[in-house]
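*Asks:* The primary structure of each chain is shown beneath.
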Amino acid sequence: MAPKAGGDAIKANSSVYKDKSKPTDIRLSNINAAKAVADAIRTSLGPRGMDKMIQAANGEVTITNDGATILKQMSVIHPAAKMLVELSRAQDIEAGDGTTSVVVIAGALLDSAEKLLQKGIHPTVISDGFQKALQLALQVVENMSTPVDLNNEDALLKAAATSLNSKVVSQHSTILAPIAVQAIRAVMEPIVSGVGARVDLRDVKVIERIGGTVEDAELIQGLVIPHRAANVNGPHRIEKAKVGLIQFCISPPKTDMDHNVIVSDYAAMDRVLKEERQYILNMVKQIKKAGCNVLLVQKSILRDALSDLAVHFLDKIKTMVIKDIEREDIEFVCKTLGCRPIASLDHFTAENLVNVDLVEEINEPGGKYIKMTGCGQGGRTVSVLVRGSSGAVVAEAARSLHDALCAVRCVARRPALLAGGGAPEAAAAASLARASLAAPGADHYCLRAYADALEVIPSTLAENAGLNPIETVTELRAAHAAGAGGGAGVNVRRGRVTDMRTEHVLQPLHVTASALALATETVRAILKIDDIINTMN
Amino acid sequence: MSTIAAPLSVAGTRSCGDPVRTQNVMAAAAIANIVKSSLGPVGLDKMLVDDIGDVTVTNDGATILKMLEVEHPAAKVLVELAQLQDEEVGDGTTSVVIIAAELLKNADELVKTKIHPTSIISGYRLACKEAVKYIQDNLTVTVESLGRPSLINTAKTTMSSKLIGADADFFSEMVVDAAQAIKTMNPRGNTIYPIKAINILKAHGRSARESVLVKGYALNCTVASQAMPKKILNAKIACLDFSLQKTKMKLGVQVLVTDPEKLEAIRARELDITKERLQKILATGVNVILCTGGIDDLCLKYFVEAGAMGVRRCKKADLKRIAKATGATFLTSLTNMDGEEVFEANMIGEAAEVIQEQICDDQLILIKGPAARTAASLILRGPTDAYCDEMERSAHDALCAVRRVLESGKLVPGGGAVEAALSIYLENFATTLSSREQLAIAAFAQSLLVIPKTLAVNAARDATDLVAKLRAYHNSSQTKVEHANLKWVGLDLTEGTLRDNLAAGVLEPAISKIKSLKFATEAAITILRIDDMIKLDPEQRGKSYEDACNAGELD
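Sequence order for the protein chains is H and D.
Residue numbering for the first sequence follows UniProt numbering, starting at 1 and increasing by one per position.
Residue numbering for the second sequence follows UniProt numbering, starting at 1 and increasing by one per position.
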């Protein structure tokens, strides 16, 4: 692993560093490990990308195409490889989509950096050169983007469909893409006197259910609770419901550990039993008085949220009761219904209830669930019910939908779209190559190397689709060098280079820009490492 | 991109590329081979012995696979597939696995001839869509046009492959009657057949033909005391979800007495609370009390005095169904809205007769002629426990098939007729396409033939010959208008010839065929898309950086 850098071409300042073999070794080891990670997920890029099957330590099997999920599950050991896993996660958080591309770009950049190192260029010089290249590339990408109007549903649909096309659910993209777009449009809040809109993905709740096929996925303007009502003889369908969400329990209060109720008379026994009934009855009567006919009860750990007796009474007053609402779901439930959680019986009054048009318990082979629709006073939230024939398919469909939601969110945040199919990368590469001719010194090599590295995206797309990567990339390069327009990309369906804008393959600018920026930053960080100190024993 | 694949160090093993696909396909084929020989009317059974030594003899694909404890992740997908078919359709679990495995096998062949998996996948998807459309448009008949015999025939077709196939005439009548007895309307006004409401009891002893269908509800319990009546006509039933036992104080309530007399009073009171409850119930004229909890021996006295029947420790699910059938209220407590304990007359359910009968060694309580709605229970008899278990599964499959037919009202001919027709149709369809999906659709068509082939092989017939003849018939039915009726031709496995399976009464629910095609395609695609497999080591502590360093994996 000794550096091959030698010969007369090296500058004086790099000869000092040449003698240090350890930093070079470390750097090479890091680069190799990171490249291995990129290689591992390269085959899942693009519409013709394949899936990975990962069997976790506990025997659970995940089948996925999502870069961030693959890397998270893979549990790599090498610290530099872990940096790439982090990188993919960062992209997942920032953009939500393009998690595979970001790692593939980082891998290609490292590969180019390795060649530059062998030429004897100092790592910091490479690092700075890459930073300059990034600025240039971002400018090119921004210039070729077309702004979109957020009311233009068509453009958003295209972005969502492009994101879904690489997944196992691609044949259902005509169903899932509109769901994603409608969901985001329902929850976004336009920024006043600014560009774009604010979207909080927590307002879109994705619920997974096994049974049926992916085609049965539906968007619900309301609330879905994935378990059954607690009633024994109660109603299963309530129209014009009045819903209350309580955080207290309808069960007999427990005495403290060291306190006891002491009964010394048989009459007292009757009283104890009767008091318990009366206590519960009072609560139920208060609920009835407020006019509530659907009751949501927060999950309680210390004691039963509902005693059998309480269920019995609630059955009698024909109130549907749903228990075990998770604590973290309370916020979503409140926002959806437009209600406030009721923490004590005293506040259980009519004004704290909300009207819902229809509350329904739906019975299916896979189990029962509650659906609430028509929440007039509700906030801007939606629920999406994802179906699939097996656990693996449902989980992957939910992940794919998440990616599509994120893609649409990116457009909302920064309303500009780019052509897909490797077009922005190819365009950036073309103009970087031009810029490199004018740049003197080490920057020349760095810009050149960065341009080459960017071509990994079209090349991998072509490779995964079974096309000849060399032929495709050169054709693409020619198209961009001729200035034929920024839209030329790899058309996987037809197997040649065409204008991707006419193919309706569009991706958000934010995804590409953030992928380039994050990948470059990670590469710069890896290049700057010259030692690993193991402090574990 | 680097061409030297640097070893990626993960805490486990990783394999990628085509070998993974081949390996997955092999695993799927292995699974299919296990269940292959149990397909069809002449399919054979499997004996499964688990680690405790319990024996299961079955012909049901889903049951076999469930008990196998499959390790390979791709094979697990197929096991899940069979389970899903069982849940969603209830029948056709074996064929769905066989089709999925065959689709994979043919896809793997295509991949080896350098066709990209995604092309195959899109071809399969197209083929599946076309096949489903073709079944719906051309191969279905409605129940109305065939009437009740079609229901009987559907049940018979399902049972023909099972242990009770010999008595299919007898059982199919029983199953159809049972399914029709439980017909109800759901709140949205659709007619549904909740087959879970049919209580299937097994009693070992006597021959299978002595199984009976009870128009009512059979309960695997006995009366609480021998002194109680064993037969009550015009029964008035109360369903209680609490016990009639001595009242106990809750945790945290302490009984502290200083006076021995008071102790006696408290003891008496403990009993009296229950006694009062019981008397309130009996006072309304109730003569049958079914209880999910226990009944104290001391309380039995009151029952006997009133000439009422008491049954303790009934299953909650049973009791809920009885309550529905008899019109009783399923009571978790007697308390009314004033906090007082009362039992009202409208909580009583009625039935024509409640009787305790001896069936083999067991005493069963039969609730005949429930007032609110009809109910059905099957009491299955058989020479061994394993036999009874298999009978239950077969009856369940048949019930599911009948229910699908009743709910959807569409049938298709069995005996490989649909598969053969589809294979001809899809092959013709493939030749009309000029894209790369053509080969994949042809492969899909080929894969479907595995069903008639396996049926013939299991019946020890000449599969090549029979399938060739079958295809010839279907080809002429699709090309010549005057031969259109040949589309109902399928295999006759007892004679080893071909016949019109619609006339012969070999029928299957259309929805079962359509769903199994869809599920099989989805499963095959899921496995085909995998080109990389990472198996992490099942150890608690992750491999540390130092371990990897020492092993030289990072160099």
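To be clear, the hints were calculated from the coordinates, so they are not data collected in a lab.
As the structure is a computational prediction, the values presented were derived from the model and not from experiment.
Among the hints, a few may not be true.
[Stated by the list, open to error] Below 35 Å or equal to it, Euclidean Cα-Cα: the simulated DSBU-like pairs (lysine-lysine) are: (1) K299(H) to K289(H); (2) K316(H) to K410(D); (3) K368(D) to K368(H); (4) K368(D) to K289(H).
*Asks:* Could you run down the list of hints and mark each one as holding or not?
*Replies:* Cross-check of the supplied hints:
no.	hint	in the structure
1	K299(H) to K289(H)	holds (24 Å)
2	K316(H) to K410(D)	violated (42 Å)
3	K368(D) to K368(H)	holds (31 Å)
4	K368(D) to K289(H)	violated (43 Å)
Hint compliance for this structure: hints 2, 4 are not met, and every other hint is.
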